[in-house]
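*Asks:* This is what each chain is made of:
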Amino acid sequence: MTFLGMPYAPRGVGHLRGAEPFPVAARSALADTQLRRNLGNATRTIRAKRAAVVAELPDWEELRAAGQAIKAHTLAHLDHYLTQLESQVSAHGGTVHWARDANEANRIVTGLVAETGAAEVVKVKSIATDEIGLNEALAAAGISAYETDLAELIVQLGHDRPSHILVPAIHRNRAEIREIFLREMPGVDPGLADTPAALTEAARLHLRRRFLSARVGVSGANFAIAETGTLCVVESEGNGRMCLTLPDTLITVMGIEKVIPSWRDLEVFLQLLPRSSTGERMNPYTSMWTGVTPGDGPQRFHLVLLDNGRTAALADPVGRQALYCIRCSACLNVCPVYERTGGHAYGSVYPGPIGAVLSPQLTGVEDNASLPYASSLCGACYDACPVRIDIPSLLVHLRARHVEEAARSRRVPGAEAVTMAAASWVMARPGRYAAAQRAGRAGRVLGRGGRIRGLPPPLSAWTAARDAPAPPAQTFREWWRREHGQRDT
Amino acid sequence: MDAGAADPRDDRRRYGVRIALFVTCLADSLFPTVGQATVRLLERLGHEVVFPQAQTCCGQMHTNTGYLRDALPLVRRYADVFADCEAVVVPSGSCAGSVRHQHAMIARRFGDEALARRAEAVAARTFELSELLVDVLGVEDVGAYYPHRVTYHPTCHSLRMLRVGDRPLRLLRRVAGIDLAELPDADVCCGFGGTFAIKNAGVSTAMLADKMRCVLATGAEVCTAGDSSCLMHIGGGLSRLNAGTTTVHLAEILAATQDSP
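Heads up: the protein sequence lines correspond to chains A and B, in order.
According to the numbering used here, the first sequence is numbered sequentially starting from 1.
According to the numbering used here, the second sequence is numbered sequentially starting from 1.
Hints listed in this document are in silico derivations from the structure and should not be mistaken for laboratory results.
For each residue, glycine too, the CB sits at the ideal point set by N, CA and C.
Zero decoy hints are in this set.
Below are the EDC-like pairs computed for lysine to aspartate or glutamate, each with C-alpha atoms no more than 16 Å apart in a straight line:
#1 B:199 <-> A:416
#2 B:199 <-> A:20
#3 A:49 <-> A:280
Residues from chain A shown here face chain B by an in silico Cβ test under 7 Å; the list is partial:
#4 26
#5 340
#6 376
#7 377
#8 378
#9 403
#10 421
#11 424
#12 451
#13 466
#14 469
#15 476
#16 480
#17 489
Isolated chain B (complex conformation):
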């Protein structure tokens, strides 16, 4: 189906939704273009994006390293900041996963049942980017233009925790000009794993070597994914090797147009 034809599924489209952006501490601090692309994309689709500036971090670095008590104030902040939002978009499968699958558990672990319920309520309105586009906004053709050979890496949290399935691929397939190459052994972990990349750097690097080998085998110019963390790891390895392939976040591809590449 080409980008111009009327898509019978478009009658699911919603217009003018007010979407709150949880940009994630990693994108905020190191990859701001991911947040900017998310805003540009959603505004182009006719929605209003709000950025509650009181946000900080989902706490998964603390949680996954075992510092649950240190994560508790961050769980509270997330539930407070996004309490009244109709929909929260997160350009990260791992952060969305942490909010949906860990926040309430942390609150309960420290005996705060009220916070756990508030965390569950806001988690139900928290969506990873591809989930928001396909399920909430009802759109697969976002009017993007990206004339490059691209391969997609499904990050573990989006694949197994959120079960986004093929939503990102459905979105990518509708991008005009794109040359999508299938990634071999796509569902094998890239080896980032948060503090795992430091604590078990040897194994992390071994896993990275295999992921890079698969990426490079596709001949793609760009490797994309829905998580800046995995892209930082894969991209960091490719950059160190001067491999000639780079990493670009899904949001940035979907935000690209002919006028605004």
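Here chain A stands alone, though its shape is the one from the complex:
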């Protein structure tokens, strides 16, 4: 619980917490050469595409500033815009539900599906529904949820987890996908080839059957316009268009931070999002709908507003900028850490740089304490973010929250805290500092030719792969003393 009384995302449901801390989970990812190759190629390709389309716009920096300003303003008045959204959606024939957390959201959606009597739903890609573990909750109630986004379909048929926000099956190659389809796709041609065209055609035929028979569709939303009660889904494949128009009942699960004030604001985000995510000037299918239109499209529409720790993030004046995120994944694609470990190592459906600052805020920092440290603070993510989220500063801020929390909850400080306090004490006075340097010179004996090959733990982590410099015969300040005496000049 935060001091405002809003809870974090509850444990035991959903996919915001990994089973292992990042450094441990990263080990197997680093050794997975296929993953490294796939990720390296994919991120390199998307980086180049993004750079090209961003360079085309003379006002890209102004767009970023506008996106940031709209998000900051919206979050500062979130109560107003959410109630306006609710009122507009309702006025247009939709029903709005407020879900405090994952459990409540799952209960609401399951109940709504059960009311229709349907035993299956088709899904548009929605990370929010992955976040809360909706598919598992529906399955427990005897309802099958069929993913229709190609990558999510591959992940689902492969009994796997998504590893990237935009391209969830990036860790799979064609041969594996073919194998998964042969094993799991009913009615698939046993002579299926592993060419992209053949695999896509198999998926189309499979999905077409689902689209035409589905009575309930479940989606997320990229944006919700408060002014008119309009929802917007931005997609590439057309499965969204199918799921949003064909079923009789549509249920949309949306994080509360996705609301934007007006249609004018959408203009900014529809320029920022496609260029930042897939590196296109515009994505193929953008669908917008307002409530219910008699005789056209779903006749029942439900919007489930999801909190699940977002108000907890909002309560942090520094941390709240993580809620600006429009889920473009540009930060994942430029991150040298993500490129070498992939998404699974982060343990959350939100991986990479944004995941490292969003996941710990949704769950409470201590449930994801290793994520803020899964970064070298290089800053490439900040440069790429279309809404100017200062991820490096957020990472340092969350590291500070973790250290403060650890200090509060432990009666005996850990070794790291003791070391840091000692270093601070030493550095607080030049006399102590110079004495420590003199003492450190004893390490010269460990060196051979000026290099040290092995150090005791934890510094052994350094010398496992790198030589360390042996302390020099004299420090800089000793040299200065020799040349200039006690004078500073």
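Based on the hints, put chain B in the right spot on chain A.
*Replies:* Okay, now just chain B, sitting in the frame of chain A:
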């Protein structure tokens, strides 16, 4: 433009500036030649260098590991020691970055608005080495001589936090005898990241492997940068592999002359 010709930009040159050196705890303790080279270089250019011996550390190791309260006394010391200095030179993009982008924030976090303002004032006079040379002293040809094949790695804090741009390259291009080779994928992080190199040593090493591969692909004898920390990491990896390429700080290249290599 060769080193001897009159450079129309030289009318921006300033002479006889009194420059305080913040040598950084890393250079002070492990790479003193970086500090010595900085002094030698600036004195050769006709400026006075002072070394306020009351200095210790900018605190970024503490700050970036989350120990902000432990960094606070170091923020205070920096603001006190350099309060009356006209210009402070720092041979480290990450330390200059910490002073300029983190010190005031730390002071405010602990409710010391007066310290935050003093930190901001001294930060405005704190310059990374290439910034000092190009922007403050108005010089690009520092009269250096370094007849080696060299490749330059732009460190992340100097690239993205300070935005030094191509200042280091402009300085290097004017070094007589130098053979500058462009580094592939130059703007990708080397993987040091402070305590990241220990806490996430696996990923750090993977990033180092790629950085070394790029350095070695240039055929350069020397890899240079404006940060001893990154050079310690890249150099440590190259040394472990006996790769035949070494790391040298930007200051040491710029300080080298025919008489004093």
